[in-house]
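Engineer: Next come the chains, spelled out residue by residue.
There are 2 protein chains.
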Amino acid sequence: MKKSDVIQRYIPTKTPLPKEHVEVFAPSNIALCKYWGKRDKELNLPINASLSISLGQLGSRTSLQPIDAAEDQVLLNDLSVDNSQSFAAKIIAYLDLFRTADSPRIRVETNNNIPTAAGLASSASGFAALIKAIDQLYGYALEPQVMSAFARMGSGSASRSLFDGFVQWHMGVREDGMDSYAELLPAQWPEFRLGLLTLTEAEKAVGSRAGMQRTLETAHLYQSWPLQAAADLEKLRSAIDDRDFHRLGQTAEQNALSMHATMIASWPPLLYWQPESVATMQQIWQLRESGIDLYFTMDAGPNIKLLFTADQQQAVEQAFPEVQVIAPFANA
Amino acid sequence: MKKSDVIQRYIPTKTPLPKEHVEVFAPSNIALCKYWGKRDKELNLPINASLSISLGQLGSRTSLQPIDAAEDQVLLNDLSVDNSQSFAAKIIAYLDLFRTADSPRIRVETNNNIPTAAGLASSASGFAALIKAIDQLYGYALEPQVMSAFARMGSGSASRSLFDGFVQWHMGVREDGMDSYAELLPAQWPEFRLGLLTLTEAEKAVGSRAGMQRTLETAHLYQSWPLQAAADLEKLRSAIDDRDFHRLGQTAEQNALSMHATMIASWPPLLYWQPESVATMQQIWQLRESGIDLYFTMDAGPNIKLLFTADQQQAVEQAFPEVQVIAPFANA
Chain Y
1 MKKSDVIQRY
11 IPTKTPLPKE
21 HVEVFAPSNI
31 ALCKYWGKRD
41 KELNLPINAS
51 LSISLGQLGS
61 RTSLQPIDAA
71 EDQVLLNDLS
81 VDNSQSFAAK
91 IIAYLDLFRT
101 ADSPRIRVET
111 NNNIPTAAGL
121 ASSASGFAAL
131 IKAIDQLYGY
141 ALEPQVMSAF
151 ARMGSGSASR
161 SLFDGFVQWH
171 MGVREDGMDS
181 YAELLPAQWP
191 EFRLGLLTLT
201 EAEKAVGSRA
211 GMQRTLETAH
221 LYQSWPLQAA
231 ADLEKLRSAI
241 DDRDFHRLGQ
251 TAEQNALSMH
261 ATMIASWPPL
271 LYWQPESVAT
281 MQQIWQLRES
291 GIDLYFTMDA
301 GPNIKLLFTA
311 DQQQAVEQAF
321 PEVQVIAPFA
331 NA
Chain H
1 MKKSDVIQRY
11 IPTKTPLPKE
21 HVEVFAPSNI
31 ALCKYWGKRD
41 KELNLPINAS
51 LSISLGQLGS
61 RTSLQPIDAA
71 EDQVLLNDLS
81 VDNSQSFAAK
91 IIAYLDLFRT
101 ADSPRIRVET
111 NNNIPTAAGL
121 ASSASGFAAL
131 IKAIDQLYGY
141 ALEPQVMSAF
151 ARMGSGSASR
161 SLFDGFVQWH
171 MGVREDGMDS
181 YAELLPAQWP
191 EFRLGLLTLT
201 EAEKAVGSRA
211 GMQRTLETAH
221 LYQSWPLQAA
231 ADLEKLRSAI
241 DDRDFHRLGQ
251 TAEQNALSMH
261 ATMIASWPPL
271 LYWQPESVAT
281 MQQIWQLRES
291 GIDLYFTMDA
301 GPNIKLLFTA
311 DQQQAVEQAF
321 PEVQVIAPFA
331 NA
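Chains as they are written, first to last, in the numbering used here: chain Y, 1 to 332; chain H, 1 to 332.
Keep in mind that a hint or two might mislead.
If chains are identical, the list can't say which one is meant, so a pair holds when it fits in one copy or spans any two.
[Unchecked claim] Straight-line distance between alpha carbons at most 25 angstroms, and here's what the computed SDA-like set of lysine to any residue pairs gives:
| hint | residue 1 | residue 2 |
| --- | --- | --- |
| 1 | 235 | 268 |
| 2 | 19 | 92 |
| 3 | 2 | 290 |
| 4 | 204 | 276 |
| 5 | 38 | 223 |
| 6 | 204 | 278 |
| 7 | 90 | 103 |
| 8 | 41 | 268 |
| 9 | 90 | 250 |
| 10 | 19 | 205 |
| 11 | 41 | 190 |
| 12 | 19 | 189 |
| 13 | 14 | 327 |
| 14 | 14 | 317 |
| 15 | 38 | 200 |
| 16 | 41 | 208 |
| 17 | 2 | 268 |
| 18 | 204 | 288 |
| 19 | 2 | 282 |
| 20 | 204 | 287 |
| 21 | 41 | 24 |
Because the hints were derived from the structure by calculation, they are not lab data.
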């Protein structure tokens, strides 16, 4: 099914007159139960449900402004991006889903305060901010679930970046994907901490989209992934309900390592780890053996995200002086 | 079922008078389709069939000699080993399976010319040599399949070290395990080469026996392993039949990485890799992209075993000056 066919059912046939200027923010998010594998590549429908924690003030701030020009203008972190570049082309293609050719062109300004070198995908917060801004620009007042499903069509994990705190993205079963949206889990956990470690800034050779596809097509072990993810998601939900950090940390770390295991079992092998990744994992395991309650998660890249609680922050900062600590519920 | 109960069915009730001195050799072996997971811990019965290549002149030379003493004597590489140490205790317990208490004690001398630091298990060639020596010592003249099954009871992969060249270890289905033995595959492949790289001599924290068990009990992804191993074994057999080195190399590398993937997906995580392991894998993949026909395999340790053919030997030695090259069919 085509994105535009799904979206047309939720927006007016005639593109509304846009507002003069809108500006929104959406947070980045880190999955504790990973999204790995698509059942529909066009609509970014996942093979498994996932669960994330949003990063509070870290994310994308996006403004939209109709302009009297023949072409859209895209700026990223105050720098103009040529419309032929993939970053701008994706945004423009997404805007086109919501407007007709005679509707005004748009100036899109996005500022990310995410340390992208730490392996945080800016596409999640980027597309979440973009759909929020589009919704305001045209005055749609879309339901949160619809907006999340639309964000998903831009980038799968963007569905989760529309909310703060813990978020669950339902896999859904419908062909049009409109039951595959994210929802806020109401739990507050003020002591919860994330730590970002930038081990290497090397560009990854294979993007997530291609990586998922290769895993799905070539890794025998991937067959066990959907069931594991479903079980992990339930464990994470109960750990959040019980504020059981050990269960949460263990489940998230094993989930991330299992996702990487499916990549490693692919052909050609997909190893996102660098030597520093292995050294850091070994360091974390040693710290844990010495009594520090510290776990980690990793996405499709070499960098490591630490999971701990406020009482361990000093020990974590001592072990990793370069860590950037995030308190996702700081403004709760 | 107990080892002794199985063995008693194949040897005389009364221990024969031993010969004065026997000396035998058994090669080490490297699995191209790995043995990972036991269906019976007492008899070392595997969850999957496996396929290996024996290492020619690299292995264990063992001599047995009855002695007039109250206790057995065990020597490893010309050094006396105390009978309370695990190495000697395992050998003595194995000898006891074949003799009564009134039978003479035995002096066991084993010399390994295997670079054990390269992560080659000496237990495979060690128990293969031991059962060959026991067979001669007591004049049993056991059938090769029975001898292989007996070697398996000492150490699973020892079942494969009774033969030169390519060897398949059948998983078997019987409770007594006597259909779980290794057999020689008759193929000769004179151009086949292995390269041993010693990346680190660090002792591994978790032995294979405990590692398999942890994987089996905690890694969801392990569920897919037995079917993958069965498929890989068939691919390897056809690659050997067709002398198709690419198919063999690809299958062996993916099989080894998939085994490591099941370990990585275990809890607590089992990561046998060191930072150097990752750096070397990346180097191998770069060499392959540059046109060198080079693959690798890894066992439950950090070191890497290269797979290539004679025409690539010069390029491999240039990239890895410290490599120890083995031609398994040199004396064929």
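Engineer: So, for every hint listed, does it hold in this structure?
Structural biologist: Structure-based check of all given hints:
In this assembly of identical chains, residue 235 and residue 268 lie within 25 angstroms of each other by CA distance solely across copies; the values are 16 angstroms between and 32 angstroms within a copy. Taking the shortest alpha-carbon separations for residue 19 and residue 92, only the intra-copy value of 18 angstroms comes in at or below 25 angstroms, while the best inter-copy value is 86 angstroms. In this assembly of identical chains, residue 2 and residue 290 lie within 25 angstroms of each other by CA distance neither inside one copy nor across copies; the values are 53 angstroms within and 40 angstroms between. Both within a single protomer and between protomers do residue 204 and residue 276 lie at most 25 angstroms apart by alpha-carbon distance, with minima of 14 angstroms and 19 angstroms respectively.
In this homomeric assembly, residue 38 and residue 223 come within 25 angstroms of each other (Cα to Cα) both inside a single copy, at 13 angstroms, and across copies, at 21 angstroms. When the C-alpha separation of residue 204 and residue 278 is checked against a cutoff of 25 angstroms, the pair qualifies both within a copy, at 16 angstroms, and between copies, at 15 angstroms. In this assembly of identical chains, the alpha carbons of residue 90 and residue 103 lie at most 25 angstroms apart only when taken from the same copy (18 angstroms versus 81 angstroms across copies). In this assembly of identical chains, the alpha carbons of residue 41 and residue 268 lie at most 25 angstroms apart only when taken from the same copy (21 angstroms versus 34 angstroms across copies).
Neither within a single protomer nor between protomers do residue 90 and residue 250 lie at most 25 angstroms apart by alpha-carbon distance, with minima of 36 angstroms and 36 angstroms respectively. In this assembly of identical chains, residue 19 and residue 205 lie within 25 angstroms of each other by CA distance neither inside one copy nor across copies; the values are 40 angstroms within and 63 angstroms between. Taking identical chains as interchangeable, the C-alpha atoms of residue 41 and residue 190 are never at most 25 angstroms apart, the minima being 37 angstroms within one chain and 47 angstroms between chains. In the homo-oligomer, the alpha carbons of residue 19 and residue 189 never lie at most 25 angstroms apart, since the shortest distance is 37 angstroms inside one protomer and 74 angstroms across protomers.
Proximity of residue 14 to residue 327 under the C-alpha cut-off of 25 angstroms is found in neither arrangement, the shortest distances being 43 angstroms within a copy and 74 angstroms between copies. Taking the closest pair of Cα atoms, residue 14 and residue 317 never come within 25 angstroms of each other, the shortest separation being 54 angstroms inside a single copy and 69 angstroms across copies. In this assembly of identical chains, residue 38 and residue 200 lie within 25 angstroms of each other by CA distance neither inside one copy nor across copies; the values are 28 angstroms within and 39 angstroms between. Proximity of residue 41 to residue 208 under the C-alpha cut-off of 25 angstroms is restricted to the intra-copy arrangement: shortest distance 12 angstroms within a copy versus 40 angstroms between copies.
In this homomeric assembly, residue 2 and residue 268 never come within 25 angstroms of each other (Cα to Cα): the closest approach is 31 angstroms inside a single copy and 43 angstroms across copies. Taking the shortest Cα distances, residue 204 and residue 288 sit within 25 angstroms of each other only across copies (19 angstroms), while inside one copy they are farther apart (29 angstroms). Taking CA atoms no more than 25 angstroms apart as the test, residue 2 paired with residue 282 passes in neither setting, with 45 angstroms inside one copy and 39 angstroms between copies. For the identical chains of this complex, residue 204 and residue 287 are inter-copy neighbours only, at 18 angstroms across copies versus 28 angstroms inside a copy, given an alpha-carbon limit of 25 angstroms.
For the homomeric pair residue 41 and residue 24, neither the shortest alpha-carbon distance inside one copy (28 angstroms) nor that between copies (60 angstroms) is at most 25 angstroms.
Hints 3, 9, 10, 11, 12, 13, 14, 15, 17, 19, 21, counting from the list given before, are not met by this structure.
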